[in-house]
Structure formats: C-alpha cells, structure tokens
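**Student:** Each chain, letter by letter, is given below.
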Amino acid sequence: MLPDELKLKLEKMISDAESPREKAIDVMFEIQELQGWMSDEAMVEAAGLLGMTPLELEELATFYDYIYRSPVGKYVIKVCDSTVCWLEGHQSIIDYISARAGVPMGGTSPDGLFTLLPVCCIGYCDRAPAMVINKRVYGKLTPEKIDRILDKLANSAEFHESE
Amino acid sequence: MPQYPQVLFKNRKPDRVATLDEYRESGGYQALEKFVGGAVSPKEIISLVDQSGLLGRGGAGFPCGKKWAAVPESGAFPRYLVANGDEMEPGTFKDRILLHVDPHCIIEGMVLSGYSFSASKAFFFVRPSYESSAVILERELEYARQAGFLGNNILGTDFSFDIVVHRSGGRYICGEASALLNAIMGKRPNPVKPPPYPTEKGLWDKPTVVNNVETLACVPHILRNGPEWFKGLSATPHGAGTKLYGISGKVNIPGAVELPIGTRLSEIIEEYCGGMSPGSEFKACLPGGASTRFMTREHYDIPMDFEDLKKIGNRLGTAAIMVFDQKTCLVGATLNLIEFFARESCGWCTPCREGLPYMRDLLWRIENGEGKEEDIPNLRRLCKEVWNSYCALAPGAAEPVISLLDFFEDEVRQHISEKGCPFHAKADH
Chain Z
1 MLPDELKLKL EKMISDAESP REKAIDVMFE IQELQGWMSD EAMVEAAGLL GMTPLELEEL
61 ATFYDYIYRS PVGKYVIKVC DSTVCWLEGH QSIIDYISAR AGVPMGGTSP DGLFTLLPVC
121 CIGYCDRAPA MVINKRVYGK LTPEKIDRIL DKLANSAEFH ESE
Chain G
1 MPQYPQVLFK NRKPDRVATL DEYRESGGYQ ALEKFVGGAV SPKEIISLVD QSGLLGRGGA
61 GFPCGKKWAA VPESGAFPRY LVANGDEMEP GTFKDRILLH VDPHCIIEGM VLSGYSFSAS
121 KAFFFVRPSY ESSAVILERE LEYARQAGFL GNNILGTDFS FDIVVHRSGG RYICGEASAL
181 LNAIMGKRPN PVKPPPYPTE KGLWDKPTVV NNVETLACVP HILRNGPEWF KGLSATPHGA
241 GTKLYGISGK VNIPGAVELP IGTRLSEIIE EYCGGMSPGS EFKACLPGGA STRFMTREHY
301 DIPMDFEDLK KIGNRLGTAA IMVFDQKTCL VGATLNLIEF FARESCGWCT PCREGLPYMR
361 DLLWRIENGE GKEEDIPNLR RLCKEVWNSY CALAPGAAEP VISLLDFFED EVRQHISEKG
421 CPFHAKADH
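Protein sequences, first through last, are from chains Z and G. With the first letter of the first sequence counted as 1, position 120 gets the number 120 in this note's numbering; the numbers rise by one all the way through. With the first letter of the second sequence counted as 1, position 233 gets the number 233 in this note's numbering; the numbers rise by one all the way through.
Treat the hints with caution; some may be incorrect.
[Claimed, not checked] Here are the simulated DSSO-like cross-link-like pairs (lysine-lysine), alpha carbons at most 27 Å apart as the crow flies:
#1 Lys419/G to Lys372/G
#2 Lys187/G to Lys121/G
#3 Lys140/Z to Lys283/G
#4 Lys206/G to Lys12/Z
#5 Lys7/Z to Lys135/Z
#6 Lys34/G to Lys10/G
#7 Lys12/Z to Lys121/G
#8 Lys187/G to Lys7/Z
#9 Lys327/G to Lys140/Z
#10 Lys135/Z to Lys13/G
#11 Lys187/G to Lys201/G
#12 Lys74/Z to Lys152/Z
[Said to hold, decoys possible] Part of the chain Z face toward chain G, derived, beta carbon under 10 Å:
#13 Asp16
#14 Ala61
#15 Ile67
#16 Cys125
Hints were generated in silico from the structure; no laboratory data involved. Cβ coordinates follow ideal geometry from the N, Cα and C atoms, glycine included.
Isolated chain Z, as found in the complex (with noise of 0.2 Å):
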C-alpha cells in the first residue's frame, strides 16, 4: 500500500495533466523513488490512479530502461556500452566496477546496494567512458574515479541507515 502523502501528491500530479495516463512515467518514478522498483501490488495501485488497467501500465513498465519490474539494489549503475564509450573501452569499466563491487552484469551486490546494467549511449560522448547512477551521470570514468564515486555512495547509505 502506498503511504497516504504519497498518494495525494500522485493525485495532484494527474489531475494538473491533460490526461492521467500522461504522468504514467512520472507516477512510476515516484513509486520507485520510495521503494526502489514497481512491485505487482504497486503496478495494480498505480494503475488505479492513472485510469489504466494494470496490464496497460505493464506494456509501460516492460518497455522503458529506467523503470523496474524487479528488485533492484540502491544504487542502480547503468555503464553506456554505445559507441564512443566502447571505443574508450567500456568493457574495462564494466569489469572493474563488477569486481570492484562484487555484482555480475545484471546482478545485484549481496548487500543490495548496487545493480549493475547495461544501457546504451546517455548522451555523454564528450565525456567518455560515462555510467549514470540513479540519474546522475559520471563521465571521463578511470578506476581511480570509480573507487571514489562507490565509496562515497556506499558510505552514505550506511550514514542513512544509522540514521
């Protein structure tokens, strides 16, 4: 169930739209934002709140990159494996970053905070080899970096979860 102040806000994002199922992508990020993927319990409210049916929302959620169907660690790291990033060698990257933080491609670290996935080209060529974390972009990636960006992220969750 979808705590109350959640679902006033996604009540009052839909009703600014000129059709509730144009905030599907919206409605869903939100979702997510509070428990990381779209749950089935969660397809089927959100689907209520936009007028759609939930398998409607599926043709959506199935679809796009940056929408979950399943668990997804706290940190979801997308590595770009288009073309300017491969020609800068993604593949050590991606390498590095699965040994570095103990997750295969596509899998989730035993700690839940990391999901590595491949995405294609994020529009950062200027900056390659580039990932994005959650939706912020990294760019100009070297191991050294890499071990910078993980370790700030993973001691921030351990300060949110002390908290």
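For this one, chain Z is given, so just place chain G on it according to the hints.
**Tutor:** Chain G alone, transformed into the frame defined by chain Z:
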C-alpha cells in the same frame, strides 16, 4: 583559430548556466516583445522563419517554416508544441550542452513557435540521463513565468502559453516524432505511419508541431536579426545559420562547438578539437550520428552542410561527428552500432524486430572469426529489406552497415579470410 560569430553559444560560461538577466542583456526576449507583445501577425513569423532557410536540427533537416505552416488554419484547438530533447542517438549530445548554456534562448524560441500557430501548451520531452537538464529547465521556466514571458497573458496580451517538462522512461524510439507523441500520451511508444501528420492530428488528435531543441533556439535570433542575417552566418552559399557540432571519439578535445554551417570537417577537427588524439590518424567518421554512413579520408575537407553531405550520398543528421582512427576495427564499431539499434527497436514491425538481430548475428560472426563469404551479400540484402519497416529506425541502422561494405570491404574480407579480427592481434586496442 578563426573566431566565428557565436549565436546560440553567445552566453556560454565555463562552469554555469546563463541567467535570465544575462540572456536579456544579450538581446534576449526582444523578439518576444516585438512579435508577441506587438501583436504581429503569426503568419509574419512563419514567413520570416521560412525565408531564413532554417532546416530542422534533429536529423531530418525539414524546413522549419514549412512545418509550422502545415498546421491548418481551420485546425482544431488546443494546439500543442513538442520540443524534442530525447537526443538518444549515439554520438549526439549538443542539445544537452545548449540547455546547460542558455536555457532561455530555447524557452523564447518555444513561445514564439507556439505563437506562430496558436498553440497553448508545449511539452519539453527529456530523457532520464538528462535529469540535470530537466531540473535546470524547470527552474528557468519559473523565472520566465515570473518575468511575464510565459504562462497566462504573456506580456499583458491575449496570448497564453505554458511549457511543461515531460520526463521519459528512456528508450531511443521516443525520439521518433510519432512515437514521441505516443510516449507523451502515456501509450506504448510505437511509431505510427503518417498520414495524418502530427501537424493535423497529433497529441490527442489535435494539431501538434514537433521541433528539435536547437531548431527552436535559432528562432528568436532569426526574428530579431532578420532572415538575411541568418543566411549570412553560413560558410556556404546554400546553407543558413550556425550549427552546433558535437565531436567525439579519437580527437584531442571532444565537445560541442558552434560554427558556421558548412565549416569543413578538417577545420572542425584540427582547429576546434585540437586535432586527432596522440598516435591517431583519421580513418573515418560518422558525420551525423549513428544512423549516417561512414565517411572516409577522401571527404576530409567536405563542408559539413546538409547539401554537401547529400551530394556524396550521406546525411548531416544531427551533426554528431564520431571520429575513428586507424587502430579502430570498423567491423567492431558497426557491430556495436547494430547492437544498439537491435536493442532499441520497439519491436512493433517485423523487418526491424527480426532484421536487426539477424544483421547483428552476421556481423558478430565476422568479427569473431566465424564469418563466411556469403555473409557479405546477405548483409547487403538485409540492408535493403529493413526499408520495409514502419519508421526510420531500421533504415537508419542499415546506413553504417552498407557504408562499411561499400568503403571497407577489404577490412571485412580480411576478418573472414583470417578467421578473426585483425585488430585484436595488434597491440593496445
């Protein structure tokens, strides 16, 4: 290096976005005050933009004024404008830079465009990896509203027009105009084959114009300085305006630069990108994104304009120039491009859904030493077959493949005869 007039990048700062005040000091919102504030006939705006020769900057190069004029006078209301900021084609990043340089130039262009065909609402469509751009835009839109340039009764006139940022869930096909409209309406973003065209029946069956971000940003400058001034910015007699070139790959300084449209490729690379990377020699480039053809050393001095590239059977596309050097295996590069297109196919029509994975399979075999002589004619045949698909995704995907076979057949054959990639055997790549 020669210094050319900066129009779209006039207010470019090394580390931050130009503010509304800075944009105004550079002449910003004067066109809006003159045309919308002065209640100049919308037809006059369309006519000026048409005379300027502004061609769409999103890839297809369609005349902007003609597109606006295609909205029928008797068309229904409300009417919509969509700024296409999806920019998901590999190599393309100029619109992101523009958004981070001078967002108000885009906002003013959108209001003027909306006024020209009596639209009341615009959607700015933005991809998930451009979240920082979306945040900037939402902030600046609010400043524009407070200043009276956007929202209800703009500059005290009868004209009301607002812009909302629409976040995408992230798929390449959303950049295709008809798929984009489905995406905004919350439907599965499959392309729809026209007619009817969006200018007649677009969002919710109402007249809708879809423009690229850079195209819209040119509009205030054209209206303020006149169509002849805009034409005069070009390096070639047949071109019009400046162009944002996004250069990436094996050059010293990758990035986006604003130059007269039709600036020579050699000048772009040598003067504005610091030349090729150390130890790299120019082998080929894709001149306008992933769905254009490999261009060889023979055309190193070509003027980078719509016309000139068309003459050699290529396309300017989005002017996203990806540069490859002599150490790059172009079979590998093409395999990577086809991986992208096969993954990003929406799957709606058969030639694209089935044809692209087949092409990927053949290229994979060639790259990995399992290629056969007959794979070459088979690839050529597939490049033709995919033209039977609904939209331009699969025909675009075929462009690098067909040009690989046309210009680098020896390299492809070497993979087949040596049963493997000759570049893998060599050092450091």
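**Student:** Holds or violated: are the alpha carbons of Lys34/G and Lys10/G at most 27 Å from each other?
**Tutor:** holds (21 Å)
**Student:** Tell me if Ile67/Z is really an interface residue toward chain G, meaning its C-beta lies closer than 10 Å to one of theirs.
**Tutor:** holds (5 Å)
**Student:** Would the hint linking Lys187/G and Lys7/Z be met if the CA-CA limit is 27 Å?
**Tutor:** holds (22 Å)
**Student:** Within 27 Å, alpha carbon to alpha carbon, are Lys12/Z and Lys121/G?
**Tutor:** holds (19 Å)
**Student:** Quickly compare the C-alpha distance for Lys140/Z and Lys283/G to 27 Å and report which way the hint goes.
**Tutor:** At roughly 23 Å apart (the allowed maximum being 27 Å), Lys283/G and Lys140/Z satisfy the hint.
**Student:** Could you grab the alpha-carbon distance between Lys7/Z and Lys135/Z and see if it respects the 27 Å cut-off?
**Tutor:** Given pair Lys7/Z, Lys135/Z holds - Cα atoms ~23 Å apart, limit 27 Å.
**Student:** Holds or violated: are the alpha carbons of Lys187/G and Lys201/G at most 27 Å from each other?
**Tutor:** holds (16 Å)
**Student:** Run the distance test for Lys187/G versus Lys121/G: straight-line Cα separation, threshold 27 Å.
**Tutor:** Satisfied, since the Cα-Cα distance of roughly 19 Å is no more than 27 Å.
**Student:** Do the alpha carbons of Lys419/G and Lys372/G lie within 27 Å of each other, as the hint requires?
**Tutor:** Holds, because 9 Å separates the two Cα atoms, which is no more than 27 Å.
**Student:** For the hint on Asp16/Z, does the least C-beta distance to chain G fall short of 10 Å?
**Tutor:** Result: holds, 9 Å to nearest chain G Cβ.
**Student:** What's the verdict on Lys135/Z and Lys13/G, does the C-alpha distance respect the 27 Å limit or exceed it?
**Tutor:** holds (24 Å)
**Student:** Take a quick look at whether Lys327/G and Lys140/Z sit within 27 Å of each other, Cα to Cα.
**Tutor:** Cα-Cα ~21 Å, so holds.
The structure is consistent with each of the numbered hints, conforming to all of them.
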